[in-house]
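Colleague: Chain by chain, the residues:
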Amino acid sequence: MLRISDWALTAALFASTLIMGGGAIAAEDIEQKAQLCATCHGADGVPVDKKTPVIWGQDEGYLYLQLRDFKSGMRKSDVMGPIASQFEKQDMYDLAAYFTKKKWPNLGQPAAPSDVAAKAESAAKSIGCRGCHLDNFQGDGTTARLAGQWQEYLLNQMLAFRDGSRGNNPGMSDLMKATPKEDFEPLSKYLAGLQIDQYLGHGR
Amino acid sequence: MGSCKTAATIAGALALSLAGTTLAMAGDETETVATTTTREAPVPSVTQDMLSGAATDTQNNLHTNLNYEQTRYYQGKQINKSNVEGLRPAWIFQTEVKESLETTPIVVDGVMYVTTSFNHVYAIDAKTGEQFWHYKHKMGPVTTYCCGPNNRGVAIHGDKVYMGTLDAKLVALDAKTGSLIWETQIADPELGYSETMAPTAVDGKILIGTNGGEYGIRGFVRAYDAETGKQVWNFHTIPENSVGVWATHDATGKDMHRDIEAEKAALKKLGDPYKTLGGGVWQNPAVDLETKRIFFVVGNPSPDLDGSIRPGDNLYTDSLVSVDLNSGEYVCHFQYIAHDVWDLDSVSPPILVDVKDKDGKTVPGVIHAGKTGNVYVHNRDDCSLIRFSEAMVDQTGMWTLPTPEGAKMLPGANGGVEWSPMAVNPDLGLSYAVNLHQPMTYHVESSPYPGGKLWLGGAFKVIPGSEQFGNVTAVDYNTGKIKWQKKTPLPMMGGALATAGGLVFTGEGDGWFRAYDAENGDVLWSFHAGAGVNAPPAAYSVDGKEYIVVGAGGNTQIDFKRGNNIIAFTAD
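Taken in order, these protein sequences are the chains called A and B. Here the numbering used here is used: the first residue of the first sequence is 1152, the next is one more, and so on. Here the numbering used here is used: the first residue of the second sequence is 31, the next is one more, and so on.
Hints in this document: simulated from the structure, not taken from any laboratory. It cannot be assumed that every hint is accurate.
Stated by the list, open to error - Keeping only pairs whose Cα atoms sit at most 20 Å apart, straight-line, the calculated DMTMM-like set for lysine to aspartate or glutamate is:
hint	chain 1	residue 1	chain 2	residue 2
1	B	Lys591	A	Asp1348
2	A	Lys1276	B	Asp506
3	A	Lys1332	B	Glu549
4	A	Lys1328	B	Glu475
5	A	Lys1270	B	Asp506
6	A	Lys1254	A	Asp1314
7	A	Lys1332	B	Asp589
8	B	Lys511	B	Asp540
9	A	Lys1276	B	Asp552
10	A	Lys1270	B	Glu497
11	A	Lys1252	A	Asp1266
12	B	Lys388	B	Glu497
13	B	Lys107	B	Asp540
14	B	Lys591	B	Glu497
Unchecked claim - Computed from the model, here is a short list of chain B residues facing chain A with C-beta under 10 Å:
hint	residue
15	Asp255
16	Gly259
17	Gly283
Ideal Cβ placement from N, Cα and C applies to all residues, glycine included.
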């Protein structure tokens, strides 16, 4: 496994290649573009680092919006910013459509123990997480799937929303600020441990 | 598949206990888009005369709320107080979508058109529950919606059915085959626009509003040409001058604790916030055919809880509004809560009914149930308020201002009465509303307009461990007094149907669907549907036999158990 510094360096290298390559990337097909993503997000859909999110099987609108926001700087990332800056709107749509069709990988994270799950359920009900992320935390459209995501990534993002360092969804920041800090660990463990394959496929 | 297992379970149960009941379910359809036609439906021809006469039509259910007046008062008496205890399922149709159901079925000449979450439409034989066709909307990648992927139903006109979609389109389908005839992009979903309400068909127009009050939209109600899908008129629910009169008290005279001086300073600094002020419209307008005016209610301002960056009354949020049917021009409005910072807005559809004015004279009225938990009674001429009802729910602490730490106030942000439509029994002079009691704390945070992202300006937080419940309440709209009230174990969301048989039907989040005595609230019949009954019931008849129909799919917004059943009941 790459250390985080190596990982960032590799990504940045790819980004600079892109920048230097300029318009050439636009002519390449979606598979080639997706190979770049695999560097960090995993060739088999399992990210190489637990701070990097699963994007295989993620909701399409959500993936598109994140790329859009990385490009605009609304979501800040030294790694994703330069990469997304090379994409036109259609590239973002294409990549989102490509990755949403992939099967979400099973990361093998354990189901949360009942006391942790109960605490997480209480926190989720209090601010109405399922109102947007839906019944099984599968998300939809521009709302992210949370179920089965890396626990460390989930925890980091909730805290980043809370302290404003992730600034591309003020509604989420507000909800995280209204959530007691001690609830984030149970929430992240609970969500990370959910296996929801059997519930997918209804509707959309 | 979970749905098939459920079907088998229900089929087994019915075979044991319900002789003569048939069970129909959607087949194993693997397409991701478009229409599956099992067999063509009889071609309807829904004329304007039929739509206008829906109030006395006991065969069909032509409108989401039964008639243009939206009374939800079904004039059939075959199912009544004396035989309702024998009500039983005639059929159960299982949709492909196991997700929140807020839909009201439309029925024409024995064919039912019913929608689900994610914009599926089914045409079903209303007598047997067998499928004619199934339309699955090809959803765009970007959808931005609050409170679940709901849809509240279709409108019908001529030989077409009409539906608004989560990706902010209006689609027209061939009622015979379910094939798409036209679609119109109403607004940009990337900016927070979506459609969950059922449209209304009238005089060759299709009327529809928009969701998005949680995303900084500028709300509207529009008319589209029923044949072509071209826009006929647009009414902005937020005028360019949204400031108003700096009202300090709500419609019931309670002080809202506004800091008018601070707001005036903010107005000077920031200007009028109308471009991102919200004002979604969640439910059908009522149509006054005599005066050719429509009446609808407008939802909350954006951001929900932070008033500091949207100075003024925020017109016409939290208001009853009337506009001209032919032109869309403003006629009158009445604002319940100026500068709302609690999301206790106006969502339940208004009802046109004759009411007593303050002098006891009968006048054309409009009534609306607020998330505040009050029923408001208006004069239809000028939208003025005649009276408001006793509070149907606890309003302790109203209007405590939100704080960063969270301030407790009742009712919680879901109401009172949410989007759930009321029903009325005009003979008894009663309106029937379903309410929530959900204690919450209101938190405020400030952030600039985020370009179509969730923009609450804080948070509403259910207080963990607090007792929650609901009620069904009958209000005498000529006096404002509560005639009867029945407590329910869970907060109520779904809506009511009243009938000339002396009954009121409504469902609960734990799966119970009940009939109440319209006069005193006694529970006369109950059926457990296996999932939350959070959709408004409807009634119709085929071959002289009456049916009550309701969706049991649970609810996303308050997280009640999901299901996928459309259940039709008969009494013999």
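Colleague: Next step is simple, just say for each hint if it's right about the structure.
Modeller: Hints and how they fare:
1. Proximity of lysine 591/B to aspartate 1348/A is assessed by CA-CA distance (about 19 Å); at most 20 Å being required, the pair is judged to hold.
2. With a CA separation close to 35 Å, the supplied pair lysine 1276/A and aspartate 506/B exceeds the 20 Å bound.
3. Distance restraint check for lysine 1332/A and glutamate 549/B: the Cα-Cα separation of roughly 50 Å exceeds the 20 Å cut-off, and the hinted pair is therefore not satisfied.
4. Of the pairs offered as hints, the one joining lysine 1328/A and glutamate 475/B holds, with about 9 Å between alpha carbons and a cut-off of 20 Å not exceeded.
5. Between lysine 1270/A and aspartate 506/B the CA atoms are separated by roughly 44 Å; this puts the pair beyond 20 Å, and the hint is violated.
6. For a cut-off of 20 Å, the pair hint linking lysine 1254/A to aspartate 1314/A is broken: about 32 Å separates their Cα positions.
7. The suggested pairing of lysine 1332/A with aspartate 589/B is violated, with an alpha-carbon distance near 24 Å, which exceeds 20 Å.
8. Proposed proximity of lysine 511/B and aspartate 540/B is contradicted: the alpha carbons are some 29 Å apart, above 20 Å.
9. Distance hint between lysine 1276/A and aspartate 552/B is unfulfilled; the C-alpha atoms sit about 32 Å from each other, more than 20 Å.
10. At most 20 Å may separate the alpha-carbon atoms for a hinted pair to count; lysine 1270/A and glutamate 497/B meet this at roughly 18 Å.
11. Straight-line distance between C-alpha atoms of lysine 1252/A and aspartate 1266/A comes to about 35 Å, which puts the hinted pair past the 20 Å bound.
12. Proximity of lysine 388/B to glutamate 497/B is assessed by CA-CA distance (about 38 Å); at most 20 Å being required, the pair is judged violated.
13. Note on lysine 107/B and aspartate 540/B: the hinted pairing is violated, with a Cα-Cα distance of about 28 Å set against a maximum of 20 Å.
14. With a C-alpha separation of about 19 Å, the suggested pairing of lysine 591/B with glutamate 497/B holds against the 20 Å cut-off.
15. The beta carbon of aspartate 255/B comes no nearer than 29 Å to any beta carbon in chain A, farther than 10 Å, and the hint placing it at the interface is violated.
16. At its closest, the beta carbon of glycine 259/B sits 23 Å from a beta carbon of chain A; the interface hint therefore is violated under the 10 Å criterion.
17. Because the smallest distance between the Cβ of glycine 283/B and any Cβ of chain A comes to about 31 Å, over 10 Å, the interface hint for this residue is violated.
Hint compliance for this structure: hints 2, 3, 5, 6, 7, 8, 9, 11, 12, 13, 15, 16, 17 are not met, and every other hint is.
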